[in-house]
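K.L.:
One letter stands for each residue in the lines below.
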Amino acid sequence: EPEVTQTPSHQVTQMGQEVILRCVPISNHLYFYWYRQILGQKVEFLVSFYNNEISEKSEIFDDQFSVERPDGSNFTLKIRSTKLEDSAMYFCASSVDGESPLHFGNGTRLTVT
Amino acid sequence: AQSVTQLGSHVSVSEGALVLLRCNYSSSVPPYLFWYVQYPNQGLQLLLKYTTGATLVKGINGFEAEFKKSETSFHLTKPSAHMSDAAEYFCAVSGVGGGGNKLTFGTGTQLKVEL
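Chains as they are written, first to last, in this note's numbering: chain A, 1 to 113; chain B, 1001 to 1115.
Pulled out of the complex, with its shape left as it was, chain A reads as follows (with noise of 0.2 Å):
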């Protein structure tokens, strides 16, 4: 079964550094989502990206955060300058449609020192 794949698994970064989160969603899929969990809180929706442009974004998203599909299969998250408070479980997503059920990958846990 086609899978949403993240890299990497682990990234370890310095405060202030920007990182850069990629993901590989499922071939035949137009919708694609970033979430996060912070250790022991609620898996958070960050932003869905449809027909090269952002469609929604939550408050989380400033303007640290961006989201870009480079070529065909990508779609990466970038924090410009990352903060501890961005530490968490990143999960990317996508779906065939608008209302189809997500794909989640299996994330990349970003931890800032």
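Since the hints were made in silico from the structure, they are not lab data. On a predicted model such as this, the values are computed, not experimentally measured, just so you know. Do not take every clue at face value.
[Unchecked claim] Cut-off 30 Å, straight-line C-alpha distance, at most; resulting in silico cross-link-like pairs (DSSO-like, lysine-lysine):
no., chain 1, residue 1, chain 2, residue 2
1, B, Lys-1058, A, Lys-42
2, B, Lys-1049, A, Lys-57
3, A, Lys-57, B, Lys-1112
4, A, Lys-42, B, Lys-1069
5, B, Lys-1112, B, Lys-1068
6, A, Lys-57, B, Lys-1069
7, B, Lys-1049, B, Lys-1069
Since the structure of chain A is already known, use the hints to place chain B on it.
P.N.:
Structure of chain B alone, referenced to chain A:
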């Protein structure tokens, strides 16, 4: 706005016993409801979903859930627990418009299955 409350962050059952994981939701529009499971070091896997129609929905691995509008609940059950069911379970509700994409999750319930 939507919200989800999962009662019990940890649930422990014996192998072969009934599994009951509780989920209550709040939604200003007719909800779409989901249960996801997360095994260690893995992503979120869809167990089952309710959109419209039959209120008792069956999912993978023998799980089912019943949508009860009067109780604003969507509890997850399985008649007989198996060791392989040990995982974290998340209840979620869809965003405005009923779309299945923007999800609001509960805090999760860790299920432990003992011999």
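K.L.:
For every hint, state whether the structure bears it out.
P.N.:
Evaluation of the provided hints:
{"no.": "1", "hint": "B/Lys-1058 <-> A/Lys-42", "result": "holds (25 Å)"}
{"no.": "2", "hint": "B/Lys-1049 <-> A/Lys-57", "result": "holds (24 Å)"}
{"no.": "3", "hint": "A/Lys-57 <-> B/Lys-1112", "result": "violated (35 Å)"}
{"no.": "4", "hint": "A/Lys-42 <-> B/Lys-1069", "result": "holds (24 Å)"}
{"no.": "5", "hint": "B/Lys-1112 <-> B/Lys-1068", "result": "holds (26 Å)"}
{"no.": "6", "hint": "A/Lys-57 <-> B/Lys-1069", "result": "holds (29 Å)"}
{"no.": "7", "hint": "B/Lys-1049 <-> B/Lys-1069", "result": "holds (15 Å)"}
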